[in-house]
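Undergrad: Using the sequences provided together with the hints, build the complete structure.
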Amino acid sequence: MLRPLFGAEPVGPVLSTRRLLLRIAENGDYEQWADLRERSRSFLKPWEPTWPPDCLSRRAFRARVRQAVMDAREDTAYSFLIFRRRDEALLGGVTIGHLRRGAAQSASIGYWIGVDHARRGYMAEALGVVLRFSFDSLKLNRVEAACLPHNTASRRLLEKVGFVEEGLARDYFRIDGAWQDHVLYAFLERDRRSQGRAAAIAEAAQKEA
Numbered sequence: 001m002l003r004p005l006f007g008a009e010p011v012g013p014v015l016s017t018r019r020l021l022l023r024i025a026e027n028g029d030y031e032q033w034a035d036l037r038e039r040s041r042s043f044l045k046p047w048e049p050t051w052p053p054d055c056l057s058r059r060a061f062r063a064r065v066r067q068a069v070m071d072a073r074e075d076t077a078y079s080f081l082i083f084r085r086r087d088e089a090l091l092g093g094v095t096i097g098h099l100r101r102g103a104a105q106s107a108s109i110g111y112w113i114g115v116d117h118a119r120r121g122y123m124a125e126a127l128g129v130v131l132r133f134s135f136d137s138l139k140l141n142r143v144e145a146a147c148l149p150h151n152t153a154s155r156r157l158l159e160k161v162g163f164v165e166e167g168l169a170r171d172y173f174r175i176d177g178a179w180q181d182h183v184l185y186a187f188l189e190r191d192r193r194s195q196g197r198a199a200a201i202a203e204a205a206q207k208e209a
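Just so you know, full-length UniProt numbering puts 44 at position 44 of the sequence shown, and the rest follows in order with no gaps.
Treat each hint with caution, since some may be false.
To be verified - Quick list of in silico lysine to aspartate or glutamate cross-link-like pairs, DMTMM-like style, CA-CA up to 20 Å:
1) 139 x 189
2) 139 x 71
3) 139 x 74
4) 45 x 116
5) 160 x 191
6) 45 x 181
7) 160 x 125
8) 160 x 144
9) 45 x 176
Because the hints were derived from the structure by calculation, they are not lab data.
A quick note: this is a predicted structure, and the numbers were derived from the prediction, not measured.
TA: See below:
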C-alpha cells in the first residue's frame, strides 16, 4: 500500500491539480511502479528505449530514486510520478530533463502513462501543471518535446496542451532497439502569454454575446 501522500514530507517539489498529485519517486513506490510498468509493457515498449533485463527490479528502482533526488537537488532534472488524488493510484510519470541554464533556459520533457489510465485526460492535466512549474518556478523560456512521427496519440496530446511542431530530427533517439526519426515540438514562455491573452479575449466575447 502506498504510504500517505498528504501529511508526509516529500523530497523535492510537489505539483497538484484537481485530480492529480505529482512528486519525486520514493523507495516505497516500488510495488505500484513495478506492477504498473509490467502490466503496461507491451503498451509502452514501442515508444521507449529498450528495456534492460533488470529494469523492473527493486535495485534498479532504488537507483532511479537516488538519481531523481540528486537531479532535483542539483537542478538538472525533475522526474515526477503522477498519482490520482482520490485513491493515490500511480498513473504514470513525467520528467523535465536536460535542463540548460545560462543563455538557453530550456529543458526537454518525456512522459509515460499506464495502459489502464490512457485516454482519460490525465497526461494533459499533468503536462499543464508541469509547464506552469517550468515557467513560474524554474524560470525557463523553452520546453521541448519529441515523439515518433507515427505516435498520433502523443502528437495530439502535445498539440492539445499548446506545443508547436518545429520540424523532424533524423535518427533522434534509439527507440525499441532502433534509431528512429522524431518530430520536434516546443512550448515557449511567450506562447503561454499569447494563449492567455487569446483565452481572455474569447471569454470577454462570450460575456458580451
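Undergrad: Looking back at the hints listed earlier, which ones does the structure fail to meet?
TA: none
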